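Turn these sequences into a full structure, and let the hints guide you.
Residue strings, one per chain:
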Amino acid sequence: DTAVSQTPKYLVTQMGNDKSIKCEQNLGHDTMYWYKQDSKKFLKIMFSYNNKELIINETVPNRFSPKSPDKAHLNLHINSLELGDSAVYFCASSQARGTEKLFFGSGTQLSVL
Amino acid sequence: GENVEQHPSTLSVQEGDSAVIKCTYSDSASNYFPWYKQELGKRPQLIIDIRSNVGEKKDQRIAVTLNKTAKHFSLHITETQPEDSAVYFCAAAAGGGRRALTFGSGTRLQVQP
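The listed protein sequences derive, respectively, from chains A and B. Its first residue numbered 1, the first sequence is counted upward by one per residue in my numbering. Its first residue numbered 1001, the second sequence is counted upward by one per residue in my numbering.
Bear in mind the hints are in silico, worked out from the structure with no lab data behind them. It cannot be assumed that every hint is accurate.
[What the hints assert, rightly or not] Pairs of lysine to aspartate or glutamate residues, derived as DMTMM-like cross-links and limited to a Cα-Cα distance of at most 25 Å, are as follows:
no.	chain 1	residue 1	chain 2	residue 2
1	A	K40	B	D1059
2	A	K36	B	E1002
3	A	K36	A	E24
[Said to hold, decoys possible] Chain B residues, not near chain A, derived (Cβ > 12 Å throughout):
no.	residue
4	G1016
5	D1017
6	D1049
7	T1069
8	A1100
9	T1102
10	T1107
11	P1113
Since the structure is predicted, the reported quantities are computational estimates derived from the model, not experimental observations. Beta carbons are placed, not taken as given, at the ideal position from N, Cα and C, and that holds for glycine.
See the structure below:
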């Protein structure tokens, strides 16, 4: 029974398209995150939600819009995809903000052609 | 915000040797320092963490040390095995949920049999 699940696992699309990635956690955690891992493996926080409320939004282009319909779900919608958006996107959750263990999803490999 | 620097970027050791990875952080308010292991094509997973009220923590073959005065912390792996080969990330966060975990740039550890 997967704790943090995200779909799809792979996403290949053309520049300019709009795409979404979905994430769900069944751990009962209050906080969820989106991290971006680039080709050099650098992990960078994008967004954090606590109980459906946006608490962290790190200098991410406004083409990226997170949505949290409830505290178990955090989706990521990306408009007008660019080549530089190609990366692995990880969803994660934790019991509390910031200073607790992160549980990562399996990642979504996004390739923009 | 927090800035975490990690060294070395790559590390190759012989099976049975020890490996040490070092990180420094910039925000003196940071009080939580986890280490994550990411195997090829997999999600990052927590292997050990330390909070600022202790200077050292050990779990079998892995240990972490923290020097708050110097703002650096290190991961020590003893008796390395081929299955230790992976990318290791250090991270830091301050309490209160002001910021999510900030990750270092990663160390690719290769254990030669």
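Hints and how they fare:
1. A:K40 / B:D1059: Violated - the C-alpha atoms of D1059 of chain B and K40 of chain A are around 29 Å apart, more than 25 Å.
2. A:K36 / B:E1002: Given pair K36 of chain A, E1002 of chain B holds - Cα atoms ~17 Å apart, limit 25 Å.
3. A:K36 / A:E24: OK: K36 of chain A and E24 of chain A at ~17 Å, within 25 Å.
4. G1016: holds, 26 Å
5. D1017: holds, 23 Å
6. D1049: violated, 7 Å
7. T1069: Fine: 20 Å to the nearest Cβ keeps T1069 of chain B off the interface.
8. A1100: violated, 4 Å
9. T1102: violated, 7 Å
10. T1107: Nearest chain A Cβ is 10 Å from T1107 of chain B, so the label is violated.
11. P1113: Holds: least Cβ distance 24 Å, greater than 12 Å.
Of the hints listed earlier, those the structure fails to meet are numbers 1, 6, 8, 9 and 10, in rising order.
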